[in-house]
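**Q** Given next are the chains, with one letter for each unit.
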Amino acid sequence: MNRDAHAHQFDTAEQQDAAARLGMWTFLLTEVLLFGGILTGYAIYRAEHGDAFTAGSARLDFWLGFINTAILIASSLTMALGVHAAEHRRHRLLMFFLAATMLLGAAFLGIKAIEYAHKIHERLLPGPLFAPAAPGARRLELFFSFYFALTGMHALHMLIGIAILAVLLVMVARRPDAPSIHRRIEVTGLYWHFVDIVWIFLFPLLYLLGPAGPAR
Amino acid sequence: MTGRLGYFACAAALLALLVATVAAARVDLGPLSTTVALAIAGVKAALVILYFMHVRRGPRLIWLYAAGGFLWLALLITLVWADVTTRAPNL
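Line by line, the protein sequences are chains P and L.
Everything in the first sequence is counted per the numbering used here, starting at 1 for the first residue and increasing by one.
Everything in the second sequence is counted per the numbering used here, starting at 1 for the first residue and increasing by one.
Rather than coming from a laboratory, the hints here were simulated on the basis of the structure.
Idealized CB from N, CA, C, for every residue including glycine.
Worth double-checking, as some hints may not be accurate.
[Unchecked claim] Label-pair ranges, simulated between beta-carbon atoms:
| # | chain 1 | residue 1 | chain 2 | residue 2 | range |
| --- | --- | --- | --- | --- | --- |
| 1 | P | Leu129 | L | Ala16 | 23 to 29 Å |
| 2 | L | Val84 | P | Ala166 | 40 to 46 Å |
| 3 | L | Gly42 | P | His118 | 26 to 32 Å |
[Said to hold, decoys possible] Partial selection, computed: residues in chain P whose CB lies under 8 Å from chain L:
| # | residue |
| --- | --- |
| 4 | Gly23 |
| 5 | Trp25 |
| 6 | Leu29 |
| 7 | Leu33 |
| 8 | Ile71 |
| 9 | Ala74 |
| 10 | Asp196 |
| 11 | Pro204 |
Please work from the sequences and hints to get the whole structure.
**A** As structure tokens, then:
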């Protein structure tokens, strides 16, 4: 099999590449509306209960959110370099960048898990366990419902992304010259960068509401 | 600005904008603070889309797709927002 191999329903390998890219973009557009729906709800409730959102934001760990944003930016860089390596058929370099992206993704999820553990310990998980020592608890619960829904949905996407990267890493290790590998890597890269974009919006909307937030 | 150097420049710009968004949040801008935060996030998203996701050197169809996604998102938020803000209270 050579590089120009393509599935029989396509005329050329380039056409198949374009179709794969367009397919992933179509999926990502549905993802925009999935996260967009929750963010619309966030906008409406924040307009009504702005104080509770500011108070809730002040209870998040700003530095952990900041470090996680930097980690995700770094992971997008390693992913982009991985796609570049795949395009140039540099398999060992590609495997290195896939592993690096996975590690950074895992670091993000590890920090997220520490944050969740703190919040649950402080009884800030919405539901029957929610009982913070603070006034206006019901409205604070609203903020934390959005916090857990948005970051939880995002963390799920990260988990899926890491799983896909793990499968790709095994595929590259087994058959580095497979003609479809650069296409799979590129499409996975699109997904990974999209998940990064989601976090780029979540960080200021969840962590940076109170003027006191970053000062701590 | 393609190739590996471009990716490093893009990541550096993203980190700089991350610091900028934190700095902007420390200053009390009143009701403008959310607008500023979203504007910076928008620029960061545009950098990721154009450079990391290769839309800048991609075909027109992908441009249309990317723009279409945000058009639908804007429709979703604007129309729901118009409904919520124009309702009579305690109806």
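**Q** Indicate whether the distance between the beta carbons of L/Val84 and P/Ala166 respects the range 40 to 46 Å.
**A** holds (43 Å)
**Q** Per the CB criterion, is P/Trp25 less than 8 Å away from chain L?
**A** holds (5 Å)
**Q** Close enough to count: is the Cβ of P/Leu29 nearer than 8 Å to one in chain L?
**A** holds (4 Å)
**Q** With a cut-off of 8 Å, does the beta carbon of P/Leu33 approach a beta carbon of chain L closely enough for the hint to hold?
**A** This interface hint holds because 6 Å falls under the 8 Å limit.
**Q** Does the closest beta carbon of chain L sit nearer than 8 Å to the beta carbon of P/Gly23?
**A** Status violated, d = 11 Å.
**Q** How does the Cβ-Cβ distance of P/Leu129 and L/Ala16 compare with 23 to 29 Å: does it lie in that range?
**A** Between P/Leu129 and L/Ala16, where Cβ atoms are some 40 Å apart, the hint is violated.
**Q** For the restraint on P/Ile71, tell me whether the closest CB of chain L is nearer than 8 Å.
**A** This hint is violated: P/Ile71 lies away from chain L, its Cβ roughly 11 Å from the closest one there, beyond 8 Å.
**Q** Quick check on the hint: P/Asp196 CB to chain L CB, less than 8 Å?
**A** The hint holds - P/Asp196 has a Cβ within 8 Å of chain L, the shortest such distance being about 6 Å.
**Q** Take the C-beta atom of L/Gly42 and the C-beta atom of P/His118, compute their distance, and say whether it sits inside 26 to 32 Å.
**A** holds (30 Å)
**Q** Verify the interface restraint on P/Ala74: the C-beta must sit less than 8 Å from at least one C-beta of chain L.
**A** With Cβ-Cβ at 7 Å, under 8 Å, it holds.
**Q** Tell me if the interface restraint on P/Pro204 is satisfied: Cβ within less than 8 Å of some Cβ in chain L.
**A** P/Pro204 check passes; min Cβ-Cβ to chain L is 4 Å, inside 8 Å.
Consistency note: the structure conflicts with the earlier hints numbered 1, 4, 8.
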